[in-house]
Amino acid sequence: MFPCEITTMLIKTLTDRLSAADITPQEVYLNRRQFMAGSAGLLLPVSAIAALPAAKSPLSTSEKPNSRDDITSYNNYYEFGTGKDEPALYAQRLKTRPWTVTVDGEVAHARTFDIDSLLKMKLQERIYRLRCVEGWSMVIPWIGFPLADLLKQVQPTSRAKYVAFETALRPGEMPGVARRVLDWPYREGLRIDEAMHPLTILAVGLYGEVLPKQNGAPVRLVVPWKYGFKSIKSISRIHLLEKQPPTSWNMAAPNEYGFYSNVNPAVDHPRWSQATERRIGEFFKRKTLPFNGYGDQVAGLYRGMDLRRNF
Amino acid sequence: MADSTTLARPLALHWQQPGPRLFAAIKGSLFLVCLLPLAQLAWHILSGAAVNPIEDLTHGSGTWTLRFLLITLCVSPLRALGAPGWLLRLRRMLGLYAFFYACLHLLTYLWLDQFFDWAAIVRDIVKRPFITVGMLAFVLLLPLAITSTDGWIRRLKRNWGKLHRLVYVIAPLGVLHYLWLVKRDLQSPLIYAAILAALLLWRVWRYLRPTLAARVK
Ligand code: HEM
Chain W
1 MFPCEITTML
11 IKTLTDRLSA
21 ADITPQEVYL
31 NRRQFMAGSA
41 GLLLPVSAIA
51 ALPAAKSPLS
61 TSEKPNSRDD
71 ITSYNNYYEF
81 GTGKDEPALY
91 AQRLKTRPWT
101 VTVDGEVAHA
111 RTFDIDSLLK
121 MKLQERIYRL
131 RCVEGWSMVI
141 PWIGFPLADL
151 LKQVQPTSRA
161 KYVAFETALR
171 PGEMPGVARR
181 VLDWPYREGL
191 RIDEAMHPLT
201 ILAVGLYGEV
211 LPKQNGAPVR
221 LVVPWKYGFK
231 SIKSISRIHL
241 LEKQPPTSWN
251 MAAPNEYGFY
261 SNVNPAVDHP
271 RWSQATERRI
281 GEFFKRKTLP
291 FNGYGDQVAG
301 LYRGMDLRRN
311 F
Chain D
1001 MADSTTLARP
1011 LALHWQQPGP
1021 RLFAAIKGSL
1031 FLVCLLPLAQ
1041 LAWHILSGAA
1051 VNPIEDLTHG
1061 SGTWTLRFLL
1071 ITLCVSPLRA
1081 LGAPGWLLRL
1091 RRMLGLYAFF
1101 YACLHLLTYL
1111 WLDQFFDWAA
1121 IVRDIVKRPF
1131 ITVGMLAFVL
1141 LLPLAITSTD
1151 GWIRRLKRNW
1161 GKLHRLVYVI
1171 APLGVLHYLW
1181 LVKRDLQSPL
1191 IYAAILAALL
1201 LWRVWRYLRP
1211 TLAARVK
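Residue numbers (the working numbering), protein chains in the order written: chain W, 1 to 311; chain D, 1001 to 1217.
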C-alpha cells in the first residue's frame, strides 16, 4: 500500500506540473495519458482520445467545475478496486471498443445500440453537481444526451414502469470483481418518470473529450439529484420492466441504501450525517441541499411520498 | 574464518546488551522512524497530491493509531521469541506514538470534520456506534498516556501493570471502530482483526500454559 501510495503521489505531482504548463491542453492530455499508461505498466492506444463537440445547456450549473485531475483520480468504481485511486490505475485495462448497449424488455422496438451510434446522438455539455453518499461532492462537466432521447427510440410500452441498468461484467479486465464486495454485475434502477426527466442523461464524455475509463467509459448514467452510486458506469444493458428492479447497494445493505437514494440532508445514512458535504477542493463544509439543489426541477416527481421511508 | 567468529561475538554482544550510547542511538532512530508516517502524510497533503486531503488525514492518522497499538502489542511476543531485553525499554515510546496519532486523528475529526460544533459532536458520539467506540478507545488511552512517566510508574508500583492492561480493551475497540465504519469492503479491518486476535491469543496461551502443563502431568 505504501509504495503504491507514493507512486500515485509522484504521478500526480508530475501530471500537475504538466497541466500547469501553458501549452495546448490537448497535448497535455496526450502526454499525461501516455505517461500514466506507461507508469501503470500497460500501454493503451492513444486512439481512444477524441474531442467531442457539444452544445451548451441551460441545465448546467454556473459553479466552477472541479479540475480534470480531481475528477479522474478520485473515483468509486469497485469493479477496479475499493480504493479511490484504484480505478485510475486499473480501469485502463477495460476494452471499451467494440461496445454495445442492449435496450429491451417492455419496449415496442428492442434494440442493440453500438457505441458509435450513441456518440452520434445530439450531444450537450451538462455541468452538474455530483454528491457522493460518503459526504463529498464535485462539479463535473459531462457530455451526453438525455436518456429520454434513447428511450423514445425503443418506445416503452404502457407496462414500462421502471428502468433497470447493468454494468458490463468482465472478470478478465476488472480485477475488483474477483472479490464479491458487491453482487456483480453492478445494477441500478430508476422509475420511468425519473428516467425520462430532462436532467437524466447518458454521459459519453467529460471535459470536452470521450469519457475516461475510470469515470465509466464508454457510456454511463448521470442522475444529478441522487447520490453518486445511482449513476451507474460502463452500461451494457438497459431493461424496461413493470416491477421495481433490484439494485446493487440496496441489495448489499437495504437499511443503508434505498432504491430512490435522492440526496436528502434530512435523512442521515445510519452511520453518518448527510447534513453537510465537503466540496472537493474546499476547506469548509457546505450544507447539503435537498435533491442536491435540483429540487425546483424534480421535487414534483415525489409529491405525496414519504421521503423518510422511501430514502 | 577465525576472523569472522571473533568479529561476530562482540557484535552479537552489542546487540544483546548495547551500551548506553548505542541504546540512545537505537532509541533516537526509532523516534524518528515513528515520525515517518506523519512526514509522509504531510508531504502527501502539502505537495497538493491529495484530492481529499482531510479524508486522507483522518484515514492516515486512524490507521497509524491502530498500527502503533498492534506494534506495541508485538513487543512481548517478540521478546519471548528471543528478541533482546532492551526492546521492552522501547515499548513505552511505541505506546505513546499510538496516543500521538490518536490525538492527531481526534483533532482532525473535531476541527476539520466538525469545526468544533460541540452539539453536533456530542450527537455524533451518542448516535453513531463507530464514533462511540472510537471515543471510548481514546478516553481509555488517556490514563495510559498520563501514567507513562517514570514518576507514575514508581507511584503505582504493581498497579501500573494492571492499569496498562487496558490496552487489551483499547485495541479491540479500535478494530471494532474500523469494522463498523467501512462502507462495504471489510478486507482491511479483518486483516487488523486477525493480527490482533493472534496477539491476544498468544497471551491467553501463555497465561494458561502452566495450568495446562500441570494437568497433563
Ligand atoms: C484509539 C482510537 C482510535 C483508533 C485506533 C481509530 C482508528 C481508525 C481507523 C483505522 C480508521 C479507518 C482508516 C481508513 O479507513 O483507512 C478510522 C477512521 C475514522 N475514525 Fe478513528 N480511531 C480511533 C478513535 C477515533 C475517535 C475518538 C474518533 C472521533 C470521535 C474517530 C473518528 C473517525 C472517523 C470520523 C473516521 C473516518 C470515517 C469514514 O471515513 O467514514 N476515531 N479510525
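Don't read these hints as lab results, they were simulated from the structure. Because the structure is a prediction, the values reported are computed rather than measured. Quick reminder that beta carbons are idealized off the backbone N, C-alpha and C, glycines included. Any given hint could be a false lead.
What the hints assert, rightly or not - When the alpha-carbon atoms are kept at most 20 Å apart in a straight line, the in silico SDA-like pairs for lysine to any residue are as follows:
{"hint": "1", "chain 1": "W", "residue 1": "K84", "chain 2": "D", "residue 2": "K1183"}
{"hint": "2", "chain 1": "W", "residue 1": "K285", "chain 2": "D", "residue 2": "D1056"}
{"hint": "3", "chain 1": "W", "residue 1": "K84", "chain 2": "D", "residue 2": "L1096"}
Stated by the list, open to error - To give an idea of the chain D side of the interface with chain W (calculated C-beta under 8 Å), a few residues:
{"hint": "4", "residue": "I1054"}
{"hint": "5", "residue": "I1125"}
{"hint": "6", "residue": "F1130"}
{"hint": "7", "residue": "L1142"}
{"hint": "8", "residue": "D1150"}
{"hint": "9", "residue": "R1155"}
Status of the hints after comparison with the structure:
1. W:K84 with D:K1183: OK: K84 (chain W) and K1183 (chain D) at ~13 Å, within 20 Å.
2. W:K285 with D:D1056: With a Cα-Cα distance of about 16 Å, the restraint between K285 (chain W) and D1056 (chain D) holds, given a limit of 20 Å.
3. W:K84 with D:L1096: Status violated; Cα separation ~31 Å.
4. I1054: holds, 7 Å
5. I1125: Nearest chain W Cβ about 12 Å off; hint violated.
6. F1130: F1130 (chain D) check passes; min Cβ-Cβ to chain W is 6 Å, inside 8 Å.
7. L1142: Violated: closest Cβ of chain W sits about 25 Å from L1142 (chain D), beyond 8 Å.
8. D1150: violated, 35 Å
9. R1155: Hint on R1155 (chain D): violated, closest Cβ of chain W at ~40 Å, above 8 Å.
Checked against the numbered hints given earlier, this structure breaks hints 3, 5, 7, 8, 9; the rest are met.
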